[in-house]
Amino acid sequence: GESVGLHLPTLSVQEGDNSIINCAYSNSASDYFIWYKQESGKGPQFIIDIRSNMDKRQGQRVTVLLNKTVKHLSLQIAATQPGDSAVYFCAEDGNQGGKLIFGQGTELSVKP
Amino acid sequence: EAGVTQFPSHSVIEKGQTVTLRCDPISGHDNLYWYRRVMGKEIKFLLHFVKESKQDESGMPNNRFLAERTGGTYSTLKVQPAELEDSGVYFCASSQDKKGEAFFGQGTRLTVV
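Note that the protein sequences, when read in sequence, are chains W and G. Going by my numbering, 6 is the number at position 6 of the first sequence; the sequence numbering is gapless. Going by my numbering, 49 is the number at position 49 of the second sequence; the sequence numbering is gapless.
Since the hints were made in silico from the structure, they are not lab data. Just so you know, not all the hints are guaranteed correct.
Unchecked claim - Below, simulated DSS-like cross-link-like pairs (lysine-lysine); rule was C-alpha separation at most 25 Å, straight line: (1) G:K99 to W:K68; (2) W:K68 to G:K78; (3) G:K44 to W:K37; (4) W:K42 to G:K98; (5) G:K99 to W:K71; (6) G:K99 to W:K37; (7) W:K42 to G:K99; (8) W:K71 to G:K44.
To be verified - Not the full set, but computed from the structure, chain G residues with beta-carbon under 8 Å of chain W: (9) F7; (10) H10; (11) I43; (12) F45; (13) H48.
What the hints assert, rightly or not - Some residues of chain G that are not near chain W, with every Cβ distance over 10 Å (derived): (14) A2; (15) S11; (16) I13; (17) I26; (18) K51; (19) E52; (20) N63; (21) L66; (22) G72; (23) T76; (24) L84; (25) S87; (26) A102; (27) V113.
For every residue, glycine included, the Cβ atom is placed at its ideal position computed from N, Cα and C.
Just chain G, same shape as in the assembly (with noise of 0.2 Å):
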């Protein structure tokens, strides 16, 4: 079974510049996880989905960032216009449950310069 699969695995675009990452969710997972981890500090939690909806959207941090799930299946996270302090890695999970393991892919490495 495929895993959680994310697209591009590194991104480098300039200051300004419009970026969209995509997830994969493990097939039939209907909660689907947006976190990031910035600088290597701790990964934070950005959204979660629950199948299109949007659950939880707390963890956004401006509204340059907007994540969709149309269908419910995979999942985008468009930066517009993209800053500096943006870079970091990007990882989305996938879970079953809500409490529950989560799965997460590998992170797309996006660097704003």
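Isolated chain W, as found in the complex (with noise of 0.2 Å):
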């Protein structure tokens, strides 16, 4: 069936560096995503999104870059702080009426 999947379940960066988070879907009629922030004991947060008619966004020390050809999605975040620690999700709007479609997570954990 479709999903939204992450390469890497756990990511782990040193204070400063950059962190680049990944996440592949398979759904080539999406035509939106989303990456979500979420801390513990909080709910998704939005970071930045992105459409299909686009490959590159960029916000706040946040980059997204969307690969349609390879059905590709990644988060780069910019100077990794510690208040950047979180669970990532990508979700994906398949076109299907406002539902999103979610990938496992990334737990991504800055050392000082």
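Work from the hints to combine the two standalone chains into their complex.
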């Protein structure tokens, strides 16, 4: 069936380094993708989104890249900080009326 | 502006009992979604309301789950009778547009013992 998956379940980086979190999706009809950050005890928090007519979108310290050819999505965090430690989920809107399909999540741990 | 709020934040019940979760979406958001995350796995869609109507309930696991959104404002999700495998974190989200940023609540952690 349709699925969104993550390549790495855990990622540990040094404070100040850049982080890259990857995600694969399988529904070629999806035209909207979102990255969420979830801290312990909180709900998923929107980070950045991208539509399929773009291949790159930048926010504050974060960049999302979309490669539709290989159905791959990535989240880049520049100068990773301890406050970035969380579980990151990619999600796709499979053109099915608004519901999101989430990946398993990657736990990012930032070492001081 | 208040975000999406969920109540209770935690609930521990015995197998066979009934639990009702509540979600108050952001005011003015017609779209309301229920998701859950079981055993640390991915967050899975349960159902989607547009105002008071069920747009999509394809993710509801079985008929022990009943969601309502009377009046198109807050929503409830009732599990009756609860089973052990229902344990997990139940999230509610709301959005103004179907294709746009969905705002999530903090979740209700349900533990069935």
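Each hint, compared with the structure:
no.	hint	result
1	G:K99 to W:K68	19 Å, holds
2	W:K68 to G:K78	39 Å, violated
3	G:K44 to W:K37	16 Å, holds
4	W:K42 to G:K98	23 Å, holds
5	G:K99 to W:K71	19 Å, holds
6	G:K99 to W:K37	19 Å, holds
7	W:K42 to G:K99	23 Å, holds
8	W:K71 to G:K44	20 Å, holds
9	F7	13 Å, violated
10	H10	10 Å, violated
11	I43	4 Å, holds
12	F45	4 Å, holds
13	H48	5 Å, holds
14	A2	14 Å, holds
15	S11	15 Å, holds
16	I13	20 Å, holds
17	I26	13 Å, holds
18	K51	13 Å, holds
19	E52	16 Å, holds
20	N63	20 Å, holds
21	L66	19 Å, holds
22	G72	16 Å, holds
23	T76	18 Å, holds
24	L84	22 Å, holds
25	S87	17 Å, holds
26	A102	7 Å, violated
27	V113	21 Å, holds
This entry does not satisfy hints 2, 9, 10 and 26, going by the numbered hints stated previously.
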